[in-house]
Amino acid sequence: MDSMRDRFAPVVTRLLDEDPRVAVVLAEVGADRFGEALRRHPDRVVNVGIREQLLVGAASGMALAGLRPVVHTFASFLVERPFEQVKLDLGHQDVGAVLVSAAASFDWPAGGYTHMAPGDVALLDTLDGWTVHVPGHPDEAETLLRHAVAAGDDKVYVRLSLQSNAAGRPVDGQRFLTVREGRAGVVVAVGPMLDAVLAATEGLDVTVLYATTVRPFDADALRRATATAGTDVVLVEPYLAGTSTAVANDALADVPHRVLGLGVGKAELRRYGQFDEHLAAHGLDPRSLRERITRFTAGAVPAGV
Amino acid sequence: MTITEQRAQSAQSTQTYGYADLPGLMGLMTGDEKHGPAATSTLDVLWVLYDRVLRVGPESADDPGRDRFLLSKGHGPMAYYAVLAAKGFLPADWLPGFGSYDSPLGHHPDRTLVPGAEIGSGSLGHGLPIAVGTALGLRAQGLHDPAVWTLIGDAELDEGSNHEAIAFAGPAGLDRLHTVVVDNSSASYARPGGIAARFEAAGWSARTVDGRDHEALHAAFTAPHPGRPHVVVARVEPKNA
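Here the protein sequences line up with chains A and B, keeping their order.
Read left to right, the first sequence gives residues 1 to 305 (full-length UniProt numbering).
Read left to right, the second sequence gives residues 1 to 241 (full-length UniProt numbering).
Check the hints yourself; a few may be wrong.
Now the stretches of chain B that chain A is said to cover, found in silico as 3 or more residues with beta-carbon under 8 Å [unchecked claim]:
no., region
1, 110 to 118
2, 132 to 146
3, 162 to 172
Far from chain B by the CB rule (all over 12 Å, computed), these chain A residues [to be verified]:
no., residue
4, 36
5, 291
6, 299
Honestly, the hints are just simulated from the structure, not real lab data.
Beta carbons are placed, not taken as given, at the ideal position from N, Cα and C, and that holds for glycine.
Between the sequences and the hints, there should be enough to build the whole structure, so can you do that?
Here it is, written out as structure tokens:
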């Protein structure tokens, strides 16, 4: 299967052809994928070199001049390194852009911690007005990229990953999907975590919601699900554990409820290897998930990660 | 009164002023008509740009074909507000409220509040990278005429983000991009070889002039620089002299 990132350049190249406002800004990473786009649109595909402050600053200037910039590099160099540019050059200047990241939390574990960004979504949560898409399949990535570019002058983050579910689902860029219905708990699976969650909850009496647009958070879907499945809620996110715990709590503020936030731990593993090994180390493989979800819905307070 | 209502009410009272009125306009903000060199380091540069160089006025502030001026050195913006008031972008009766809760005029400018301000600034090192993007964005839309200007301070050049922008803009041939460095020797570590040399090494056209001499500034601002971005280093009195 091709990856989400394999879809990125072809989709955006078509958008460059269709919409004269669209521009692409790169900092070397991924530039080789935009050769054809650069030939067709030499003024709207810009590679600024390995300069991430300029990457986001230049996107701001393009947006001020009236364009719709699509900005791409690894998550750690797109959100973390130039975070003040994201905060000021986009937010404070009151202009929009589409930030499209690759490498996610640990897509390249052999690359080590320098290329891991489990905190990207939590960081964006400190800012106002960001839409965050976390596709779980290349088909969904294609759909959500189109939504992101078409979203006026909104600030949109699209988090691409090599981790993927086996099948894509009909995502709409807004709402959670109900994948399974039960009566003893709600599990919200974000993006690439869905297949592991479905395997982990096989035979359990829980509702599984599938979230690919996590900001704004679909509070209505969560509330509706708790009406039949009760208010024990487990969030399974492919980035920092607990990132969405606060928004889930806010969604259920007027009813007694419990929330367990599962995801990537803060502690550095200082391990290389494959991403399956990192998923297991963070307790995000189906077996660990099943154990933690079962313990939580049974009423026990989980220990550990 | 909201800022929008304030704007509507004071629109009628907008009038234009000359260079000799600028100390008085700054005095509306500072309470004193005498200002030291630090407060006025940018004043002559701003005046010559807005009076004789930039093709933008209150009536063309939203025109896609206007020249853009991006104040990167947002600290100490009294001279900037005074020039914007003098040129009719904002009414002079906004100036006394400078820095107060109900005023659109803060100690660092906010582009969403100040008519004529192309960017909000305050954190140093943001204006030049944004100016690079603005020049790229205009070029991509076939707008080859508008000039993009940004003003930075000599100490602001310490910020590495400027060097990302300087090193890119030269080789990219952004000839509609212009930078003014107001040099009041405020950097703790003077740039080895001088400021202009840093830009020239990256392929920029560069002039260094007396930042108080209006004719010299005008000549430097309007010097041709085909195929290259242009920097004018405007030397003024040392901040700590």
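Here is what the structure says about each hint:
no.: 1; hint: 110 to 118; verdict: holds (count 4)
no.: 2; hint: 132 to 146; verdict: holds (count 11)
no.: 3; hint: 162 to 172; verdict: holds (count 4)
no.: 4; hint: 36; verdict: 17 Å, holds
no.: 5; hint: 291; verdict: 47 Å, holds
no.: 6; hint: 299; verdict: 49 Å, holds
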